[in-house]
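Asker: Each chain, letter by letter, is given below.
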Amino acid sequence: AQSVTQLGSHVSVSEGALVLLRCNYSSSVPPYLFWYVQYPNQGLQLLLKYTSAATLVKGINGFEAEFKKSETSFHLTKPSAHMSDAAEYFCAVNGNSGNTPLVFGKGTRLSVIA
Amino acid sequence: GAGVSQSPSNKVTEKGKDVELRCDPISGHTALYWYRQSLGQGLEFLIYFQGNSAPDKSGLPSDRFSAERTGGSVSTLTIQRTQQEDSAVYLCASSLGQGANYEQYFGPGTRLTVT
Chain A
1 AQSVTQLGSH VSVSEGALVL LRCNYSSSVP PYLFWYVQYP NQGLQLLLKY
51 TSAATLVKGI NGFEAEFKKS ETSFHLTKPS AHMSDAAEYF CAVNGNSGNT
101 PLVFGKGTRL SVIA
Chain B
1001 GAGVSQSPSN KVTEKGKDVE LRCDPISGHT ALYWYRQSLG QGLEFLIYFQ
1051 GNSAPDKSGL PSDRFSAERT GGSVSTLTIQ RTQQEDSAVY LCASSLGQGA
1101 NYEQYFGPGT RLTVT
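Chains as they are written, first to last, in our numbering: chain A, 1 to 114; chain B, 1001 to 1115.
To be clear, the hints were calculated from the coordinates, so they are not data collected in a lab.
Check the hints yourself; a few may be wrong.
[Stated by the list, open to error] As a list, the in silico DSBU-like pairs of lysine-lysine whose alpha-carbon atoms are at most 35 Å apart: (1) B/K1017 to A/K106; (2) A/K106 to A/K68; (3) A/K69 to A/K49; (4) B/K1057 to A/K69.
From a predicted model like this one, the values you see are computed outputs, not experimental measurements.
Hey, can you work out the whole structure from these sequences and the hints?
Answerer: Encoded structure:
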């Protein structure tokens, strides 16, 4: 069984500041991990994914995440926030056994202050 | 190319009525998923179709919920005798195949409000 915990339902940062969105997972099998972004009134868009290759994963829009097995974490970061980054971010886990429905965290809403 | 589309985008219904939500996956995608996004609950898996295999219904919250996928393409999620707690955004996703290596592409969702 898998589960995801996202710490902080709402994160606010200043434009240009570091973005850090936290995600911890629980999985009984080696996990595949994902970050999705959801802009207002839109569907989810994949930002990046970890599938047991490099532990530091680079995604779109300057985001990256690092898989840390010892900490069971997959935190999302971006060095410098932009106003357009304001959105809801979801972390998700999927066991690599082929059981494909994603298990999502409850989401973190990112606000960017000018 | 065209992405996943869902209709209607918004649906308001009275408690006790039945509703049907439609999903058109990306052409050629064999896997189709339904999720529900509720305030404070995040995204919950409902049901999953893969090719001609029997669907995985393990996420359906009650027997009022059902879904079908005709011809391996379009899917309809039906909620019978709607309740206020069914109010949520229902998201559909499709992928090229089964397995975590296949990215799931999401539609914009149907916002259901039960009054």
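Asker: Which numbered hints turn out to be false for this structure?
Answerer: none
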